[in-house]
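There are 2 protein chains.
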Amino acid sequence: MDKIVLKSPLDMHLHLRDGEMLKRVGKYSFSQFSGGLVMPNIVPPVTSKKDLEAYRGRVLAEVGDEKFLPYMSLFFKSSYRKEFLKDLDILVVKLYPSGVTTNSDGGVVSVDIDEVGETLQAMQDLGIPLSIHGETLGDSFEREAEFIPTFELLAKNFPKLKVIMEHISDRRTVEILDKYPNLFATVTLHHLAKDRDDLLGGALNPHLFCKPILKTSKDREAIQELVFSGHEKVMFGSDSAPHQREKKESRNGSAGIFSAPILLEGLVTLFENFGKLELLQNFVSENAKKIYEISPPQKEIVLERVEKIVKEEYGGVVPLFANEKLNWSIL
Amino acid sequence: MDKIVLKSPLDMHLHLRDGEMLKRVGKYSFSQFSGGLVMPNIVPPVTSKKDLEAYRGRVLAEVGDEKFLPYMSLFFKSSYRKEFLKDLDILVVKLYPSGVTTNSDGGVVSVDIDEVGETLQAMQDLGIPLSIHGETLGDSFEREAEFIPTFELLAKNFPKLKVIMEHISDRRTVEILDKYPNLFATVTLHHLAKDRDDLLGGALNPHLFCKPILKTSKDREAIQELVFSGHEKVMFGSDSAPHQREKKESRNGSAGIFSAPILLEGLVTLFENFGKLELLQNFVSENAKKIYEISPPQKEIVLERVEKIVKEEYGGVVPLFANEKLNWSIL
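Protein chains in written order, with the working numbering: chain A, 1 to 331; chain B, 1 to 331.
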């Protein structure tokens, strides 16, 4: 087989940024995907209808003639009530515990029912899913595992609320997915393909530094097993998060892996290496369509068995797999 | 107490490098310490009498008029025999498993008795201690723990050989120190003062990237407890390992923390913060004198209670504690 067609691929966790960076990186997502969930942690974060519509407008201006539907999100605030939310065209509200990642400072200080319950009740009533960056401020490699009781608390207390555990990275998180019918997950390409030894086992590679941080090879294997089991509650979300090269290669390296330019080529190469190509269409589109009950624009992406060496920079940003070889190309 | 005098402080694990870098960084050690164990992993590593004496000569040329005695070391090769070793003026032979750190490529592929036994027997007969960078090539945070059986194997099979576990970083390593009378350890300032959350819990700080990598806060606490118990088998070795700023802030960040310029000021500040100032003289000099049976030059270093903000660069290298405040200064 030398050709693969992906139908309406979706990137359900995407940082398009804003301003100059949006102009530089948006095109990689718009050309490869038929839609994507656009994260709201720009500066300032998207917390009002006015900001939401203005940001959607800036994104759509960059989409231009491409067939790509940006699904918008709102930055969680515990002050949101039903009257406000029911009036918005959003796919999710995204919750960030304060301080866990890029531009999350305005996030929630303590994720407990007292603080967030009223808003979650409104979301449940309106059928708006909750998207969560699930990490505490504890030890760097234990943060996601430490957040598991919170995932469980929310799933249990709001059984009709769809709770999306974003970019899961820890084998212990995998274990709770089936405990609650309303728990779902996104998985990135980098958590499938890399582990902490790639980040810092030899030299230090700041371009593989992200939150949640890459975990052990055992965690990577658990994430792979989950995805390659064809689990229907798991969907692809790249968490592609560009930072300029100078901001990564510095004394205060920013967190985020930029994967947008090579996502589908990387996914096809990886799924083929594991003999699981037949599961890719579900992972990259069908599962998300069912979970979110969405109908993205029809679009076909053709990949051919043509080797490519990933460039070291795209628009001043160093991508995942820089200088590495992929077996498939979008020509 | 506003003044502290340290007598003949010793840095028993020191990378002075060579050439231009030696000229830039040597002075920080020569002015603060009365002696130090100079590591042999320069390029090419020190493996012959000729190289050893030439390197000693280059170091002494930089020492100049300072009162500082460089204790030299040889890069372990399993081909060394008694005839060769007995003729050398060295304090230790330093063993690197191949690939574990900077310029260790010529190191030992498998540390087992079949490969290294004959050389260790010769060292034991001659009374030359073995210094080891004890790490495997396994998971980045498990490498030192995975090496523990090898430490035990060597200590058990060569009971008269002094085995120095260098720059210990893992709480599990602490636990074997008292199991064998011939096991000893060095501890760095950075493993006492920092942990992995300082390296990558917020932004990524490549200047805190080293081998063995900074571990969890629990590991740091175990190392602190060991040192602040006044253990006589533990001595100070900075593992100060300078790399130019550009080599640290890059796609392939070099491993090594540069602490030489602020070692004694940092140590006094830390020991005072823990209420353990009375143990510092032993840690930084007396223990090493007993373990290695050495008599370094007499030298007194005076520190005064004067705050200093550590500079961001010394000779183009970013030091430990850059821009942080220390409570004591060498004026």
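Don't read these hints as lab results, they were simulated from the structure.
Any given hint might turn out to be false.
Pairs involving identical chains hold if they fit within one copy or between any two copies, as the list cannot separate such chains.
[Stated by the list, open to error] Calculated pairs, DSSO-like style, for lysine-lysine (alpha carbon to alpha carbon, straight line, at most 27 angstroms):
no., residue 1, residue 2
1, K156, K276
2, K247, K325
3, K325, K49
4, K3, K77
5, K218, K82
6, K325, K3
7, K49, K311
Structure-based check of each hint:
1. K156 - K276: neither (33 angstroms within a copy, 49 angstroms between copies)
2. K247 - K325: Close inside one copy (25 angstroms) and across copies (25 angstroms); limit 27 angstroms.
3. K325 - K49: neither (43 angstroms within a copy, 45 angstroms between copies)
4. K3 - K77: neither (45 angstroms within a copy, 53 angstroms between copies)
5. K218 - K82: So K218 and K82 fail the 27 angstroms test inside a copy (42 angstroms) and across (45 angstroms) alike.
6. K325 - K3: within (18 angstroms within a copy, 60 angstroms between copies)
7. K49 - K311: neither (39 angstroms within a copy, 47 angstroms between copies)
Consistency with the previously given hints fails for numbers 1, 3, 4, 5 and 7, ordered from lowest to highest.
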